[in-house]
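One line per chain: the protein sequences are A and B, in this order. The UniProt record's numbering puts the first residue of the first sequence at 1, with every later residue one more than the last. The UniProt record's numbering puts the first residue of the second sequence at 1, with every later residue one more than the last.
By construction, these hints were calculated from the structure, which means they are not laboratory data. Check before you lean on any hint, since a few could be wrong.
[Unchecked claim] Below, computed lysine-lysine pairings styled on DSBU-like, alpha-carbon distance capped at 30 Å:
#, chain 1, residue 1, chain 2, residue 2
1, B, Lys372, A, Lys153
2, A, Lys25, B, Lys218
3, A, Lys109, B, Lys218
4, B, Lys780, A, Lys25
5, B, Lys238, A, Lys109
6, B, Lys218, A, Lys153
7, B, Lys654, A, Lys74
8, B, Lys214, A, Lys109
Remember, it's a predicted structure, so these values are computed and weren't measured experimentally.
As a plain string of letters, each chain reads:
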Amino acid sequence: MGNKVVTFSEEQIDDYQDCTYFTRKEILRVHKRFRELSPSTVPKCMTGDEAHTIKVPLNLMETLPEFRENPFRKRIFSVFSSDGTGNMTFEDFLELLSVLSEQAPRDIKVFYAFKIYDFDGDEHIGPADLQQALTLLTSNELNAEETSQACTKVVEESDIDGDGKLSFIEFEHVILRAPDFLTTFHIRI
Amino acid sequence: MNEERRRGSQDASISDIEEENETEDTEHIPMNDLGLPPPIIVTDNGGVCSKLDDAVPNNNHPVARRRPRPNHLHINITNCTSSDLSSHESLPSHKVAAMTPISLSPSWAKPHRLIRARKASLCSTPGYVTFRNPTNRISSSTYAEELIHAIENDESLMADSPASEQMRLQTVRGMAEAMELRRNVKEKICYNIGMRSQNSPSDPTKWFKYRLKKSFRKVNCGTRELLGHFELWGSTIKSIEGRFGTGVATYFRFLRSLFLINLCVFIMSFSFLVFPQLLDRFYHWNNTTISANSSVLVLEPKTYPYEEINSTFYIVDLVTGGGWLADTELFYGKYNSHSVHINEGEYYSIPDAYFFTTAACYLFTVIVLSIKVAKSYRKNFIEMQGGFTNVYAQRIFCGWDFGITNSEAAELRKQTLYNELRELLDEENNAERSGAKTLMQRLTLMACRVGVTILVGSLLIGSGVLVWFLLARQKMLVNEDVGTLEGRQQASMVMSLVVTGVMLILPMIFSRLCAIEQYSNPRNSVFITLLRTFGLEVAIVGVLLAYWQKSSKEVQCWETSLGQETYRLILVDFFIALIGTSFAEFIRSIVYQYVWKGIGAPEFDIARNTLNLIYNQTLFWVGFYYSPLLSAVIVVKLFITFYVKQACVLHNCKPPSRSWRAAQIQTVFLALTFLAIIGVLFTLGYTMTRVPASKGCGPFREIEHAYLIIKHKLNNIDKNSNWYTIGEWMFKPGVVAGYIIALCVGVYYMRAVAHARGAMVELLRNMLVLEAEDKIFLQKNIREAKSGRWEPSPLSRGRIKPLPISSTASKQQSAL
Chain A
1 MGNKVVTFSE EQIDDYQDCT YFTRKEILRV HKRFRELSPS TVPKCMTGDE
51 AHTIKVPLNL METLPEFREN PFRKRIFSVF SSDGTGNMTF EDFLELLSVL
101 SEQAPRDIKV FYAFKIYDFD GDEHIGPADL QQALTLLTSN ELNAEETSQA
151 CTKVVEESDI DGDGKLSFIE FEHVILRAPD FLTTFHIRI
Chain B
1 MNEERRRGSQ DASISDIEEE NETEDTEHIP MNDLGLPPPI IVTDNGGVCS
51 KLDDAVPNNN HPVARRRPRP NHLHINITNC TSSDLSSHES LPSHKVAAMT
101 PISLSPSWAK PHRLIRARKA SLCSTPGYVT FRNPTNRISS STYAEELIHA
151 IENDESLMAD SPASEQMRLQ TVRGMAEAME LRRNVKEKIC YNIGMRSQNS
201 PSDPTKWFKY RLKKSFRKVN CGTRELLGHF ELWGSTIKSI EGRFGTGVAT
251 YFRFLRSLFL INLCVFIMSF SFLVFPQLLD RFYHWNNTTI SANSSVLVLE
301 PKTYPYEEIN STFYIVDLVT GGGWLADTEL FYGKYNSHSV HINEGEYYSI
351 PDAYFFTTAA CYLFTVIVLS IKVAKSYRKN FIEMQGGFTN VYAQRIFCGW
401 DFGITNSEAA ELRKQTLYNE LRELLDEENN AERSGAKTLM QRLTLMACRV
451 GVTILVGSLL IGSGVLVWFL LARQKMLVNE DVGTLEGRQQ ASMVMSLVVT
501 GVMLILPMIF SRLCAIEQYS NPRNSVFITL LRTFGLEVAI VGVLLAYWQK
551 SSKEVQCWET SLGQETYRLI LVDFFIALIG TSFAEFIRSI VYQYVWKGIG
601 APEFDIARNT LNLIYNQTLF WVGFYYSPLL SAVIVVKLFI TFYVKQACVL
651 HNCKPPSRSW RAAQIQTVFL ALTFLAIIGV LFTLGYTMTR VPASKGCGPF
701 REIEHAYLII KHKLNNIDKN SNWYTIGEWM FKPGVVAGYI IALCVGVYYM
751 RAVAHARGAM VELLRNMLVL EAEDKIFLQK NIREAKSGRW EPSPLSRGRI
801 KPLPISSTAS KQQSAL
């Protein structure tokens, strides 16, 4: 029969199944994709510590086809990476895909979406964050005046407590009323 | 003043802490031994505990101790987010981050607790831990300790039962923490639970049930994984979604679900209805003598199975459905009205089988479709509250489709978003400048719309009349004594060709007309065109049915004729609408690429294609009763349609330029399909009860009306059996009235509950606005007080006192 290389120990697979929204087959598929990014550094057998120590750098992560065209890819990777730089370990990557998968409930997706759009990390989406998001989304096509007008409009529409920026509660209010959030905030691997 | 207002309504315990924190200095928040403020942990029953040993009632918490609190007011810490704390500039952000509260029970368990802890759970979101320590002030093991203690303090999470295991799983999954941390937490909790269950003897039956449920869940998981393996066309749809967005992908998903429903119908009808009939055609029982005085019935194949059909077979018959094909199992006419001999002494009654199998197939389709419609409606309309108020925010936050993998599609998406935002901003600016339309403009617009509606109505009526006229002409021409064979064949095709042509051209005219009407919202115009096209379909199919019901006495076997009509329509639609339009798009894309750019690349029109699918499906449902093998035809047709459309989209079309609100339009499509089948069922019910079945052909030739089969079956039931008395009692008029009244009461109750909840949401929203105003007022006062400019207003003089501080809290303060 030959040597079959065991990628993960049974205990690891059980843990991953319990901690994420993936099944065993999907976890192995994620590992395969992760390994394809950098076959020299990511080993086939990850039964030891490799799952949370070996990191794939940000520029290689950005070459994934699902993320190549995403304007928020840098921010997504830095949010999910454990050190905040965007270099992802396997467990970070698994968690990213688990949150963005179909089975993840709306609450956790909204939570992470908030973190992604909060570029400066102050737990509020302020006008600066909105401007940055708009610039990324439209690739600099809107001029400065239009951008600021749009940002003002967003704050006007969604800010309830009048502090000029969006807290998590207000963001959630907005997202709850958007019918397309679950279908757009979704990556299939 | 604000305080009195708040005291008056005891339910409104939103953040008493919020106000409190505004009026205190931040330095009085006690720090733990690591130099950070303790995480404030809210457990699910609304209690507040700080870390570790203080896992006890509110009163021990230093912050809570400062104000005497009546029992019924719970502290809703989750609303006191770090937003309030971060407004104080002295606190660095990582400290703020670590102070953010944790609530650990999973969100789906909330509804059960809501009744118990109503006041505490005004904020329904469990606040997840917001930041993993970016600065690593707390080591992850200590952090894990805190989380574990928080989980252990919640009894419901630690109980040794399958329900709480499920909840634990949800909690672990829902914690927004590093995977390593979660694994640690999970391991330790499992270990602790294992220890606990060793110490306290647990109920063996409960343990057994628990094990059973766990293995059952594993099996469930495994089958789901296996089924996911078999998902039909899954990867293809994913690649289409990547290039063209979710709107086009919903068309293909709709196609796939219709295909699967029709496949099930085909399997059911073939195995129960067509197969026995075919058996009767190909085999017959023969009495063979084995020995001198015994004979045995043996099944032997017939030598000339098709000998009873009079006409010869022409290839054209495959298209017209007439001639040779008319006498096969394809159509109603051939089915026996007697029973078929299956085995020694066992008979299989074909008329019963026909009636009950078709009824079961329709019922199955209705049930599946109604479940789909209800789920889609609930997901897309009710939970979303259908509001349009946050257009800008939704464009920015939900505008990007994360599934896009193609650079061309990404460019287009960015362009689309840019266009939409520009449109919105321009509309904003123009509205400010030009103001409302004048009376004259409004009147002309109204007149224009009325005129277009009348025009469309007359077009619909006109097409209905045309179909009627063509049917009458065809009936006259197809009569066997008149004209040649070729003439008859041609005549029968004319109607189908004309109808298909009408179905292709009129929708395009409708969409052009809609552009004249100048609807302000482009989605409204799509919606109106959709409705008009659906009306056209209804008109044509309705006229078809009505004509044949009316002329049921004039033709020898009207059911077969109706079956043939639908068969022809489906086939012609396949050739013209599917192959023809794909070919046209192919030509257009070649012209665009190589010859002339001005023609514009072909675009995949989602609405038109989906309506075509609905039209086909309606035709199938109309014709299925008259032609059971039509299910095979439509299954093959849908299969080919998928591949043709997929090739067409991938090679010819460019991604749609307008962002398509997939979720809500999909509900509309499903609802239209559902409406179609309900309409068909009503018509079928009328047919079965009022229109006499043909005497010369078909399984019901000996019965006057088809529904009498049920009556005969009921007459044959033993009147004395228990089932009969129960059944009789269940269908008494009084009891049926009781069912209907109970249903009405149920619906009224649900509506009242929904209404009340809506009113509560409104009330809370208003309260939120008031709170915001209070906060601004108080912040202003703080600033003024700090700079010495604050003057108490005459109303509040004498009522605002410094809050009583208990001795232990003051000791802690002095220790800092």
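Structure-based check of each hint:
1. With a C-alpha separation of about 37 Å, the suggested pair Lys372/B and Lys153/A falls outside the 30 Å cut-off, and the hint is violated.
2. For the proposed pair Lys25/A and Lys218/B, the alpha carbon gap of about 14 Å is at most 30 Å, so the pair holds.
3. For the given pair, Lys109/A sits about 26 Å from Lys218/B by alpha-carbon distance, which is consistent with the 30 Å threshold.
4. The hinted pair formed by Lys780/B and Lys25/A fails the criterion: a straight-line CA distance of about 58 Å is larger than 30 Å.
5. For the suggested pair Lys238/B and Lys109/A, the alpha carbons sit about 21 Å apart, so the restraint of at most 30 Å is met.
6. Annotation: proposed proximity of Lys218/B to Lys153/A is violated, straight-line Cα distance about 49 Å (limit 30 Å).
7. A distance of roughly 28 Å separates the Cα atoms of Lys654/B and Lys74/A; the hinted pair therefore holds under the 30 Å criterion.
8. Taking the CA atoms of Lys214/B and Lys109/A, the gap is near 27 Å; set against the 30 Å cutoff, the hint holds.
When held up to the earlier numbered hints, the structure conflicts with 1, 4, 6 and fits the remainder.
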